[in-house]
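Could you put the whole structure together from the sequences, leaning on the hints where they help?
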Amino acid sequence: MIVVNGLKKRFKLAKELLNTTSSSDSRQREGFFHSVENVSFSCGRGEVLGLLGPNGAGKTTTLRMLSTALKPDAGSIEISGQNIVKNPLKGRKAIGFLSGTTGLYGRLTARENVEYFAKLHGLKGRALKSRCDELFTRLSMGDFLDKRAEHLSTGMKQKTNIARAVVHRPDVVVLDEPTTGLDIMTKQNIIEFIRDLKADNTPVVFSTHHLDEVALLCDSVCLIDRGTSRFCGSIEAFKEVGQSGELNDAFMNIVNQGSLHV
Amino acid sequence: MFEVFLKEVKELLRDRKTLFFVIALPIVIFPILFALLGFLASKTTFEAEQKVHIYYLANASLSPDFEQMLFYHKSFRPYKGNEKFETIEALKSAVKAGKIDVGIEIPATYDSQVAGKHQQISWHVVFNDAQSINFVYKRLEKLINKFSAQIRSTRLEALGAPQKEHPAILKPITITKVDTADKRENYGEKLGALIPYMLIPLVLMGASYPAIDLGAGEKERGTLETLLLTPVTRTQLVLGKFLTILASSISCALVTVSSMAIWVAIAGGIGVLDTIIDAFSSVTFTDFLLIFALLLPVAVMLSSLVLAISIYARTFKEAQNYMGPLSMLVFVPIVVSVMPNMSLNTTTAWIPITNVSLAIKEIIKGTVDHSAVGLIFVASALLAGALLMFCIRWFSKESVLFR
Ligand SMILES: Nc1ncnc2c1ncn2[C@@H]1O[C@H](COP(=O)(O)OP(=O)(O)OP(=O)(O)O)[C@@H](O)[C@H]1O
Ligand SMILES: [Mg+2]
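So the protein sequences, as listed, match chains A and X.
For what it's worth, the numbering used here labels the leading residue of the first sequence as 3, then goes sequentially.
For what it's worth, the numbering used here labels the leading residue of the second sequence as -10, then goes sequentially.
Keep in mind that a hint or two might mislead.
[What the hints assert, rightly or not] Chain X stretches covered by chain A per the calculated footprint, using a threshold of three residues with CB under 8 Å from any CB of chain A: (1) -9 to 0; (2) 209 to 221.
[Said to hold, decoys possible] The following residues of chain A were derived to be distant from chain X, with all beta-carbon distances above 12 Å: (3) Leu72; (4) Ala76; (5) Glu80; (6) Lys88; (7) Leu122; (8) Glu136; (9) Arg140; (10) Leu147; (11) Ser236; (12) Asn258.
I should point out that these hints are in silico values taken from the structure, not numbers from a laboratory.
These figures come from a predicted structure and were not determined experimentally.
The beta-carbon is built from N, C-alpha and C at its ideal position, and this holds for glycine as well.
Below, the structure written as structure tokens:
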């Protein structure tokens, strides 16, 4: 169970940006860019939450805060009752993170890549081997385990990355646009992976621009627009608030409603 | 931390490009350098020795004896053209135009019966001294001195001194030189100044190639973010990476110094390049060890520096852009060390790189002060510590990690 409440994150503006960009963007104030202003959502066991929002809405920033890579300016993130903002080390153990831009160590083999992260997470000896083997079998990675990552196809890299992200049995899995730029086959790896996690009762939070994936996988959605979560709830409630049975239309309607309030 | 170190080393060993620069280059650079130096030196010397100089003797008629001497010298040949160069100015422009190699002007006041006169007279020798290995002046000077000696002899005899007393009159006291500064100290000054120029940049190279990969490369490939999400602390990460870079840098230094030692031995065996062998002749195995030990503080300092740069850089390319000027900048403290009157003492021991480069020079000269060497280690450790703190701080700073 992950509960996110009132997250805020601002970035200092680069000097050259300070004067050039007009303050037409309401998120740019007092020399800061308020990337995330108020984001709250929750995702329980066996639940898959889709994080939606236009480009620049603040999805990546939000997910990076979940992953403890960025420290929120305000707000809380609780995983199984533990506030990981106060205790990032707990958060790192509890979260499995994967983004579309995540890379591998090219000169290490697929196996070595996964084992390295297992070791960094404190796994050793038999426990390490059995956990890795379990993942390699589940993701059917046998064919390319001992090939260097730089020689792997995108699909193989993807699988290696997935194994790497969950090797420490995280309580929550966070994915940032995991399917962007992938072909149908490799996309399928991800979709199956998310389904597996759901079957294991692991909460999954993932951001995406593909609403068909949302329809396919998600129990609930959170829509972020200009740094603020505008909607958070079940798919059904989303369609209701968006006044449309089509996810696309509902998305547009909610974003437009949001702009009316501003 | 150890996991990070082991993995980085493993990855490094699989990188051919880095291996080439860290291991292969230092091995081949010395034989190439020695061979090139020896070849060039012997070639230019040989050419200079073989050269026959075309001369013009102004007012030749005033000294037929000298004209004869010059004419029959194997390295001189008279100018065959029709032009006359009877003044110094004319000789100068003839040398400049390349018509002659050397011009000699016997002043018009010169009297061939000089033997009876009691005055000095000045001849002018016009030539171009721009070439570094140039025998024309030396040869001519020798010839004129010989001629001069003949005249001196005649004069002394005219004054009533018999031939056999001439040496005692001309040089009543002769000196036999007993020099305690051996060859080592003389050559050591020159060679010892040269060695840091080769060694320290190689140590830097051994550090900077892997560093680019370990810092900026990690950002560029998108592995940094996941690395930061492991329970490993930033300090452990930085230390693991630092140790890897240090190991690479030290291997580079080790390979370099052993390669230098081995090639000096080989060159000694086949008897080429006597100058270099002479200079190294009394450098003992212990000295080689000491040189290597001194490269450690340089390696520690440079490793932490390049890691800091690499972590700060956003991309591979940006890191390379910073490393470029650095490989030039590293020469500055080395140049400082070869400036006159610079020696290793308790003050200079605090200047990074300059200190080590001074120490290496003095080891080869055989005049090193061991307590100052101790101070070098302290100074370098402090500096490296400070730089590593920077690395750790930057590795925790969002604005550097997600620029
Ligand atoms: N490190 C940073 N420094 C300054 N501004 C940043 C930084 N990171 C993000 N931003 C800004 O914050 C805003 C939100 O970025 P974010 O990447 O979170 O959006 P997103 O919702 O993931 O967008 P996309 O759909 O394009 O991935 C953007 O306008 C971006 O320029
Ligand atoms: Mg994004």
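To see whether the hints hold, each was checked on the structure:
1. -9 to 0: holds (count 5)
2. 209 to 221: The restraint on the stretch 209 to 221 of chain X holds, since 11 of its residues have a Cβ under 8 Å from chain A and three suffice.
3. Leu72: 6 Å, violated
4. Ala76: 15 Å, holds
5. Glu80: Holds, because the least Cβ-Cβ distance between A:Glu80 and chain X comes to about 18 Å, which exceeds 12 Å.
6. Lys88: 16 Å, holds
7. Leu122: 4 Å, violated
8. Glu136: 20 Å, holds
9. Arg140: At roughly 20 Å from the nearest Cβ of chain X, A:Arg140 sits farther out than 12 Å, so the non-interface label holds.
10. Leu147: 16 Å, holds
11. Ser236: 29 Å, holds
12. Asn258: 31 Å, holds
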